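> Spelled out from the first residue to the last, the chains are:
Protein chains: 2
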Amino acid sequence: METGFIGLGNLGNIMVKNLVESGRKLRIFNRTIEKTKPFEATTSVESDVPSLAKSCDIIFSILSDDAAVESLCFNQGLIANMKPGSVHVCLSTIAASTATRLAEEHAEKGIDYLTATIVGRPEAAQARALTVCLSGTSAKKEAVVELLTDLGGKNIKQFGDDPKSAAVVKICTNFLITSAIEAMGEAFNLAGKAGADVALFHEMITETLFSAPIYKNYGKVIIDESYDKAGFTSQLGFKDTRLALALANDAGVTLPFADIIKNRFIVNHSRGRNLYDWASIAKVIKEESEPLTDVKQSQ
Amino acid sequence: METGFIGLGNLGNIMVKNLVESGRKLRIFNRTIEKTKPFEATTSVESDVPSLAKSCDIIFSILSDDAAVESLCFNQGLIANMKPGSVHVCLSTIAASTATRLAEEHAEKGIDYLTATIVGRPEAAQARALTVCLSGTSAKKEAVVELLTDLGGKNIKQFGDDPKSAAVVKICTNFLITSAIEAMGEAFNLAGKAGADVALFHEMITETLFSAPIYKNYGKVIIDESYDKAGFTSQLGFKDTRLALALANDAGVTLPFADIIKNRFIVNHSRGRNLYDWASIAKVIKEESEPLTDVKQSQ
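Going line by line, the protein sequences match chains A and B. What the first sequence shows, in the working numbering, is residues 709 to 1007, in sequence order. What the second sequence shows, in the working numbering, is residues 709 to 1007, in sequence order.
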């Protein structure tokens, strides 16, 4: 089966490398052609979406947001050119409602649509240790699972036949991550202002009740304020928070933690940290309890 | 050195058992005398606080809240009767400001005051796997650390000379736990309402990014709604949330997640779940998105 891969960003780039190393033959496409250069010898680089779409049975795409995925599917001609019976596996984090609509648009042309959301950062992709949440229906699902393993998936979780389910799970996972970041931001700021040793506090909780990567890694980022080395940008975190709020709206539920987090991102971006790590919303918390230099301080 | 232990509640009871099993000789006191019965053969049961206070060099106390600790120290005569040079080790979760004030009151009589807050539930005490956060100054600190180990402490973290620091850390830890409960409550409710398999979602996150006891254990409690088997009551969770808000107020910082959580507890208690597990605040989230049976539903 001919396999295509669209999107050579932070994650896509490593996934293609993994697939090639696993002996997979690929046709690849990226809007910015320069990013395909390192793969000229090992893959077939396509110059446009239609030529890739016409010749593939399974096509993976990983792009930054809903608008980019919709542009790929419609404006750039993916759906119009894919073969009936072929499958588009969408790896991007997009709205659950977009997943539902895209699945319908694909189905009208006899094309399958699967959602395969990725839990893990580039280092995890590099280590072939990604978790992948898969949902939707396709006769080619088994072949897709094998490819997901070859692109760096270690733990492939099947969330059933509804193409939106894997999107829902990814959105809820990122909401939990931002909630943990905000909670640590508030707790560390409070502990520090109240005179406790914050690094030791962090050590204590991550040795015990919170012995998980999110608390270990982001806790350290928050304490070190090493926000400029972005593993995942504030801008993308803001997008995912808005996806969570939109999903909550559609589902008729409140999400008060996400309301607070959304406002953190808005303030964070007003301060110019769009491209900092999303954990930099904790910096906003700290700034809230610090004097401003241009305000005359009381004696 | 003569050692005393006051408070035979859920945790205190197991701690005394552990101390006895470690070969420690103890004088114990509990307001409800019945609870001392199982220890009649293995400890010296005192009938009032002053007689215990007069004869001990190191006294541990573990009570439910600030009022109980203050009553012990003042009304019941602990401070008035302790020997100069002796030390009171307070294991209760109380306000940081109370710890500071109590340390001063003890110091005036030449008595040392240490805060040793406990991170862990009764099962952890049973398994001698408690984490203990210790702070304050005393010449007997080393002897206290040995006793903390014998009462079930595995990991004794030293938070310096300020008696309030260990209280601050405990309050911030419990704030992080309630934040994780609220975040899971919101995320699971949203995922479920949006049609995803919540149990599988929980399995996925706890196998990966959130592979920590808090997410594993409370996540399961929330999904199973097994709130009536309280490991830690909603009532105590409410108290600790108010302690966090009071500390934030004193420190001049905001704590917006705790504001939301405080309101969850208020609603939870209006609904009669004071003595349910504190994770039952997640039930309030679920109830928010469910129809009320006495409201005529639209067609």
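A portion of the hints provided could be inaccurate.
Copies of the same chain are indistinguishable here, so a pair counts whether it falls within one copy or spans any two.
Unchecked claim - 35 Å max Cα-Cα, derived DSBU-like pairs, lysine-lysine: (1) LYS862 <-> LYS725; (2) LYS901 <-> LYS924; (3) LYS928 <-> LYS970; (4) LYS994 <-> LYS745; (5) LYS762 <-> LYS924; (6) LYS924 <-> LYS817; (7) LYS994 <-> LYS743; (8) LYS901 <-> LYS817; (9) LYS733 <-> LYS1004; (10) LYS848 <-> LYS901; (11) LYS791 <-> LYS970.
Hints are computed from structural coordinates only; laboratory data are not their basis. Just so you know, these numbers come straight off a predicted model, no measurement behind them.
> Which of the numbered hints are not met once you compare them with the structure shown?
As far as the earlier hints go, 4, 5, 6, 7, 9 and 11 are violated by this structure, in ascending order.
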